[in-house]
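The listed protein sequences correspond, in order, to chains Y and R. Last residue of the first sequence: number 411 in our numbering, and the count goes up by one each step with no gaps. Last residue of the second sequence: number 1456 in our numbering, and the count goes up by one each step with no gaps.
Please keep in mind that the hints were generated in silico from the structure rather than gathered at the bench. Possibly wrong hints are sitting among the right ones.
[To be verified] Computed footprint of chain Y on chain R; a stretch qualifies when at least three of its residues, placed anywhere within it, have a C-beta under 8 angstroms from a C-beta of chain Y:
{"#": "1", "stretch": "1166-1173"}
{"#": "2", "stretch": "1366-1379"}
{"#": "3", "stretch": "1382-1392"}
Source: prediction; values computed, not measured. Idealized CB from N, CA, C, for every residue including glycine.
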Amino acid sequence: MSSKNGRKPAGSPAGPYGGFQAVRRWRDQLRESDLATVATPLSPAGLHLVLHDAIEMLDDETLDEVAAMPGAPFATAAMAVPRTVPTAPIEWCAVLLGRGTRLVLKPPAGEPGLVPILVAAAGAVGLPLTQGEGHGALAGAALVVVMGEDDTVRSVRQHHPHATVLGFGHTFSVAYAATDAAIEEVARDAIRFDGRGCLSPVALLSPRPLEEACGALAAAMERAQGDVPRGTITPAEGAAIRTRRARARAEGVVHEGDGWSVHGLPPERFEPVGLPRSLSVHHATEATLDRLLAPHAGALSTFATDGPAPPWPHVRICRPGEMQRPPLIRQHDGIDWLAATLRGRSV
Amino acid sequence: MRAALASRILRFVDSSLAGSPSEPFDVLARDLFRWQASLDPVAASLLERPLERWTDLPAIPVALFKDYPIGTVTPGAEAVAFRTSGTTGTGRGVHRLASTALYDHGALLWARRCVPGMPRTIVALLDDPQAAPDSSLSHMVALFGAATWHLTEGVLDRAGLDAHATREPCFVTATAFALAEWIDGGPPPLAADSILMVTGGFKGRHHRLDGPALLAAARDALAPARIVLEYGMTELSSQLWATPRLPYAPPPWLRAVAVDPITGDPLAPESRGQLRFYDLCNLDGAVGIETLDEGMVDASGAVHLLGRLPHAPPRGCSLTVEEAWERRRA
């Protein structure tokens, strides 16, 4: 197989370790995984939902497109798996393993999450995926992928000066929606990963009156909770939700139910902080969006809107409901990750 | 109304310390809150249940001190404003006081009770309150005696410290981070009969020396006659004191409660939870404060401090030094 420009493709359906053909078998194995013993902060229904999303992103056509991309793969790679998004490694595994890169996944300490299942499924189809523990797990890899707090990313760069490090620090996402239908979809975005992770909406911005927008989102959050219950939250998350609730009682609107909350606040109280199944709502119009988000523009990952798309470079723009389901072939926080995971490719 | 409440609180402080409170804590706390809520819309907005006892009082999350003018003193009308050290990129919480009389009276009485034999010569690894009038910690330490100040914009005056701390019995007051910095420089032993006070942990940040290791290193390097620990907050007017490995003792006019951080419901004694404090000396601020610290409150009311809630953002008096230290490293 060769690419359209005649250069050797980075992967092939039957390359080293079985290439993308093996990845398809790995994906199919994951569909049948028994998640009963997997411990994550998500509820069982929440974990099924996000795992389904991640697997279905790996359709045959997309994998063929990735396989056809020209370039030389790294021999070895390691990835520090983020605590908040247990399915994050799946797309990286598919791409790197399909290209023949040997990959080590380092889960958060004491929280293996999905990693053992990904590794077992890979072993069954001959893909070179292993699990590592501690800082040593990243040592020696030619490519290191890390997602997490900015301090974590900085620390990994310092400790692995000879590796190509792809670091994704703190970013956040927001939704802008006016209609009930779009607000319903924002709630569906918020239930994925319980609202943690950089593609989760931290807030709903709406041109509708604050009370009205909060009411619509609250009804949608209640329905979403009925379909996919929230998992567990940490003490600090609980305290942070109650702190924002106190702000909303002081100068805004509070709606809450079992496992979810909606806090209407003035625009100046907007914070790019994601809390599990808890969204802040702020009044905004297309004319005021820029001003509201400007202080945080460098960290904005995804903007969902049911209106016209704003001309913001390096920000992923999508429709509500698609925030947590990005296509495999895309920019990752402004980085062409499919190119960056090939040796010598400019990003 | 303020004067009447101040008078009642003052009587409560003196009488409770003598073992015979002038009135029930519960009654005074609720009266204090009602007055505060009449002047502070934020406090009023947080009241969600009938005020049947003091545990029904709302506790204002400390983060709100950055957002709103909490308390009964109009911004600009305060005699003193204490400010939190804050973290990089965030605002600072403000505790405005119309007068520090209650603060000073309670702080001094309780410190003298908890640290018997406290030398009146103070050597402070803190900013001079003249230069940092918004530091509640410097303000409190200045009450204890004649002090020399050995920190300027996060930088320790090691030569001055070494000279003053060895001259005569002294009360050395330090944040944990400043103390760790001092010890790293190899200080001489303190003058005989000196007492070392340590306050503030690292609040989520890290130094080579931390917790018990810091205290052990302090014993080795400084050889103090005693070490005492202090816990206070900008948003409070009263402090808790401890000796290492023992719980912190609140004064009779301050009560602590551990709550479930997710629901906010009070927990049974000895349960691990998020700490709230109800401080009668907080006349001008808020009687109830909700921290981001984790601890257990035992049946006697003493507090076993466990640190920050996991993953809570760092804050505290040590940060002033830590931030300067990090800037220098950068």
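Okay, the hints, checked on the actual structure:
With 4 residues carrying a beta carbon less than 8 angstroms from a beta carbon of chain Y, the stretch 1166-1173 of chain R meets the three-residue requirement, and the given coverage holds. Counting residues of the stretch 1366-1379 of chain R whose CB lies closer than 8 angstroms to any CB of chain Y gives 0, which falls below the minimum of 3, so the coverage claim is violated. Against chain Y, the stretch 1382-1392 of chain R contributes 5 residues with a C-beta closer than 8 angstroms to a partner C-beta. That satisfies the three-residue criterion, and the hint holds.
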